[in-house]
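S.K.: Construct all of the structure, not just a fragment, from the sequences and the given hints.
2 protein chains.
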Amino acid sequence: MTGKRLSKEQRHQTLLQKLEENPLLTDEQLAKELGVSIQTIRLDRLALGLPEMKERAKNLASRALSGEHYPASLEVVGDLLYCEPGVGGLSRMVAEPGMSLTRYNVIRGHYLFAQANSLAVAVADAPHALTGSARVEFPHPARVGEVLMARARVLERRGRRFVVEVVTRVEEKAVFQGKFLILALDERTLAEGIFGMEGKATGDGREKDD
Amino acid sequence: MTGKRLSKEQRHQTLLQKLEENPLLTDEQLAKELGVSIQTIRLDRLALGLPEMKERAKNLASRALSGEHYPASLEVVGDLLYCEPGVGGLSRMVAEPGMSLTRYNVIRGHYLFAQANSLAVAVADAPHALTGSARVEFPHPARVGEVLMARARVLERRGRRFVVEVVTRVEEKAVFQGKFLILALDERTLAEGIFGMEGKATGDGREKDD
DNA sequence: CATTCCTTTATTACTAAGTCTTAAGATCTA
DNA sequence: TAGATCTTAAGACTTAGTAATAAAGGAATG
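The listed protein sequences derive, respectively, from chains A and B. Note that the working numbering has the first sequence beginning at 887, numbered continuously upward. Note that the working numbering has the second sequence beginning at 887, numbered continuously upward.
The hints are simulated quantities; they were obtained by calculation from the structure and are not laboratory data. Among these hints, one or two may not hold up.
Because identical chains cannot be distinguished in the list, a pair is counted as satisfied if it fits within a single copy or across any two copies.
DSS-like, lysine-lysine: derived pairs with alpha carbons at most 27 Å apart [stated by the list, open to error]: (1) Lys918 with Lys894; (2) Lys904 with Lys944; (3) Lys918 with Lys940; (4) Lys904 with Lys940; (5) Lys904 with Lys918; (6) Lys940 with Lys894; (7) Lys918 with Lys944.
M.R.: Structure, rendered in structure tokens:
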């Protein structure tokens, strides 16, 4: 498929590049893409000191896991560009077609909310935080393809409660603004499912300790 | 050495917890930690629908790679069970692991918002509607596996503005409540990107129609 | 031409961490 | 005591590799 056979040197370069693009390729897939046998790929990996796919996956996974001190990846919407816990932060998100209302390319409000909410939780200076309430406005619709920059400021902090203000802009135009009340929770509270008010939570008597 | 043998139920819980803490554990390690045989762990994973370690690693890796942009699809959130435009509606959503905060299985606020927002827009009696603003509260955390029933009522309608109230419950307990101001838009307004207030919108002359 | 060297491919044996199936004990319960 | 459920075991197969060894191919050179 790649037509002519490359030199070994070139193949090594291509290999490195392919793996950088997608570290989850197996030897078999690589062999197919480069038009050589699996064994050749193995030799190449050996020569270049590249680990096998399982290793690469595990490395990525554990990096993703450990890099989760400040809540970068997993369930955060938008890319956290900057975050100073307790002070403020910045998040970037590109409005994609999947986020839009039918026709018209208008981004659904909950995407903007999700980005802002993620950011607000991130800037709360606490290992675990939840949204308690929010007051939000969508002064202007955002559209597919636009770059949404959300900026958060912690307005005040009283004990375990943070008030965070988030404004999301496209260029200079605000498309979202809101105030979030974020509650910092300690482990016990979370684990027990009690939330601070109105007493019992699940009430199913599940107790785990370790 | 967890000492005494746990019940199956308890073991399942422990297993989930262990894997949440460290998804890269092999069956063998889990077996050792829980004091049962590997086969038992395999059966447990089968029963709980948990993939093998390689899969978990790959999933984590690819999620980390793709910057996990639109996560767990926020697009259509919840199943619309019933909807009477201009009056009210009902939406059901099962809280999935992908919606949760790491550890602790607490559902992120923006999923609740997304469900409620989707429903609020749906019950607005208009072909095209957008959220203008919202005031929301999360009186209680929701957890993975719970069934979230959102109920919407149109409180008032003035011209193109609807005020919709949404309350989401798990069993009888409210986990979300909010008021949405929904704006019904006509085709022209939407297509031109003008939103009702503050004059010009994008100003970049982008007009798309289909 | 044959030889030598390098690269590539093929073959075989082996591993980790699973899969799926069937079967045999152990334990609980009616 | 009998039946059902839970747990462990055993055997065959899978994927994506490691490692070692053998064989084939082309290109330059004496």
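S.K.: Between copies, within a copy, both or neither: which fits Lys904 and Lys918 at Cα up to 27 Å?
M.R.: Answer is within; shortest intra-copy Cα gap is 12 Å, inter-copy 38 Å.
S.K.: Check Lys918 against Lys894 for me: Cα-Cα at most 27 Å, and say if that holds within a copy, between copies, both or neither.
M.R.: Intra 16 Å, inter 46 Å, cutoff 27 Å: intra-copy only.
S.K.: When Cα atoms must be at most 27 Å apart, do Lys940 and Lys894 count as within-copy, between-copy, both, or neither?
M.R.: within (25 Å within a copy, 31 Å between copies)
S.K.: Using 27 Å as the alpha-carbon threshold, which applies to Lys904 and Lys944: within, between, both, or neither?
M.R.: For Lys904 and Lys944, the Cα distance is within 27 Å both inside one copy (18 Å) and across copies (17 Å).
S.K.: From the Cα coordinates, with 27 Å as the cut-off, is the pair Lys918 and Lys940 best called within, between, both, or neither?
M.R.: both (19 Å within a copy, 22 Å between copies)
S.K.: What label fits Lys904 with Lys940 when the C-alpha limit is 27 Å: within, between, both, or neither?
M.R.: both (16 Å within a copy, 21 Å between copies)
S.K.: Could you figure out if Lys918 and Lys944 sit no more than 27 Å apart (CA to CA) within one copy, between two copies, both or neither?
M.R.: both (24 Å within a copy, 21 Å between copies)
Hint compliance for this structure: every hint is met.
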